[in-house]
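Protein sequence lines, in the order shown, are assigned to chains U and A.
Taking the numbering used here, the leading residue of the first sequence gets 1, the next gets one more, and so forth.
Taking the numbering used here, the leading residue of the second sequence gets 1001, the next gets one more, and so forth.
These aren't lab readings, by the way, just hints derived from the structure by calculation.
These numbers were taken from a predicted model, which means no experiment stands behind them.
One or more of the hints may lead you astray.
Unchecked claim - Ranges between beta-carbon positions, derived for each pair: (1) A/R1125 with U/R323: 33 to 39 Å; (2) A/N1097 with U/M140: 32 to 38 Å; (3) A/E1049 with U/A145: 52 to 58 Å; (4) A/D1094 with U/S93: 58 to 64 Å; (5) U/D308 with A/P1036: 37 to 43 Å; (6) A/T1136 with U/H68: 55 to 61 Å; (7) U/N220 with A/T1136: 47 to 53 Å; (8) A/R1080 with U/P120: 54 to 60 Å; (9) A/D1094 with U/A254: 53 to 59 Å; (10) U/E197 with A/N1097: 52 to 58 Å.
Claimed, not checked - Below, a sample of chain U positions facing chain A; criterion: calculated Cβ distance under 7 Å: (11) A193; (12) H352; (13) D355.
A virtual CB, placed ideally from N, CA and C, is assigned to each residue, including glycine.
One letter stands for each residue in the lines below.
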Amino acid sequence: MSISETDSLSHADLSHLRGQFPILSQTVHGKPLIFLDSAASAQKPDVVIDGMAEMMRSQYANIHRGLHWMSERSTEAYEAARSRVAEFLGAGSREEIIFTHNSTEAINLVAYSYGSLIRPGQAVLISEMEHHANLVPWQMLRDRAGIDLRVAPISDDGDLDLDAYSALLSDGKVALVAITHMSNVLGTVTPAARLVEMAHSAGAKILLDGSQAVVHRRVNVRELDADFYTFTGHKLYGPTGIGVLYGRRELLEAMPPFMGGGDMISSVTFEKSTWAPVPAKFEAGTPAIVEAVGLGIAIDWMESVGFDMIEAHEAALTKHALRVLPDVPGLSIVGKPKDRGGVVSFTMDDVHPHDIATLLDRNGIAVRAGHHCAEPLMRRLGLTATARASFAVYTTEHEIDVLAATLRRIRQFFV
Amino acid sequence: MDACSLYDAVIVARSRSPQYAGTAKAETARAQGTNPLCGDRVRLSLCEERDGIRDLRHETRGCAICIASTDLMAETVMGRTKADALELARRFTDMLNSQSSAADLDDEAGLPGALQAFLPLKTHRSRLRCATLPWTALGEALKHD
Ligand SMILES: Cc1ncc(COP(=O)(O)O)c(C=O)c1O
Chain U
1 MSISETDSLS HADLSHLRGQ FPILSQTVHG KPLIFLDSAA SAQKPDVVID GMAEMMRSQY
61 ANIHRGLHWM SERSTEAYEA ARSRVAEFLG AGSREEIIFT HNSTEAINLV AYSYGSLIRP
121 GQAVLISEME HHANLVPWQM LRDRAGIDLR VAPISDDGDL DLDAYSALLS DGKVALVAIT
181 HMSNVLGTVT PAARLVEMAH SAGAKILLDG SQAVVHRRVN VRELDADFYT FTGHKLYGPT
241 GIGVLYGRRE LLEAMPPFMG GGDMISSVTF EKSTWAPVPA KFEAGTPAIV EAVGLGIAID
301 WMESVGFDMI EAHEAALTKH ALRVLPDVPG LSIVGKPKDR GGVVSFTMDD VHPHDIATLL
361 DRNGIAVRAG HHCAEPLMRR LGLTATARAS FAVYTTEHEI DVLAATLRRI RQFFV
Chain A
1001 MDACSLYDAV IVARSRSPQY AGTAKAETAR AQGTNPLCGD RVRLSLCEER DGIRDLRHET
1061 RGCAICIAST DLMAETVMGR TKADALELAR RFTDMLNSQS SAADLDDEAG LPGALQAFLP
1121 LKTHRSRLRC ATLPWTALGE ALKHD
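Given the sequences, and given the hints that come with them, work out the whole structure.
Structure follows, in structure tokens:
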């Protein structure tokens, strides 16, 4: 695809780009689809859809097992996807990339496996704005292993309270910090490099939940100096069923396996099994082969658009949304973080977010409404639910204008 | 804007100003229903006498559908016997859950007119629970005596 050399997508570039997403030309309830729910899951470009179908049509077999041509081709494609992800995240080596089924599984893997190395009396530190995926596994670990679970507070604006974070680390008992790189509710992009540095100086390792962040910004795990980093393929214009755990090699090597089964062993007798080297040790059973390949294609596609372009376009959209939405009578935006990605949660007087979402849907506009898998955060904000519009590289300013205009009419309808 | 048949005028009106909000004067039972998916919460306060439901009031935090459904439920079950109210709860829930089209059901269900406003929910299945939540809570309230 050819995109002009400016730092933002021109109108022509954007319509060309949108043309690559077949779903965007659908209508819903007779209206053109306006898809503002990409933070829940992004739509897929033709190259991903076609690439996965093509693999199943022409070069598919189980991997690592067959001594035949088809298996070798599948294995190559799967392992090439691993290399692609390693390069994408700036990992030190491809063995540091473990394929999981989603971010949730990646976090559970760390909570179970690295978690088994954490001793009673030690602590895990999370924040108030975690997705349930980065909260419940740690609660389960706490209850299983008798460790302490600490929660770093956020400000009313939705920024992490760094003083409190520092204080919670100060007794040196925190073994692991697990914190989001970007909030799926507030859009807050956390100061990851600082968080890592502070964790390390307190002797803690750190996991960053990059499920939202990798979609919008270039991430380099070595520059961040992160110990673990997780993301999920379906939010990154790739398929469902594939997720990624990056882990520093020496940590992964010291960790026990998560699940047992085929492919993760080097030898098995009835008395004892020995584990395969990483990453195979953590990939028991037949993995999501076609989905991993689809994820590799999605990453190639994003790189072809260019992260500078993606960032600039989404920053412009977010700025636009923050300008036009507050003009809607009764609308208030939730949070005012210093650095916000393309996620805007809002409420509108006492019109319930589910009514907002249903009425937007009748007008072809898809948004998310509810607690966004972050109930403790909702409680912290004094809310039970919000509506959320989230933006992707294919979102247009016009769509945000239609959202604002439709919200005005919804409010009139209820008041 | 396409407001869709789901937001019938009576639903919007009742959600804006419920007629049966509050607590029953001589309360004999209470019950609560919550929907963890959206945080909606219905609190029912009931005065039941031997011949039936004398008073039913509610405090509802939720969407328009949920508030209106609770309010219209209070209106319809007041004065009915317990058995009657439970039967109505069953019919209302069955009507929403059944696969048959709204048109087929109008007569068959024999539901009081006001409750027919919820028939369009049949094509908005993700919102069904908003309307059935108060009826489930009512079932609970009536069970405990
Ligand atoms: C911040 C964050 N973490 C974790 C997840 C979990 O992703 P998945 O459901 O793909 O495992 C999500 C997505 O819902 C998210 O937004």
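Q: Kindly indicate which numbered hints from before are broken by the structure, ordering the numbers from low to high.
A: The structure conflicts with hint 11 only, although it agrees with all the remaining ones.
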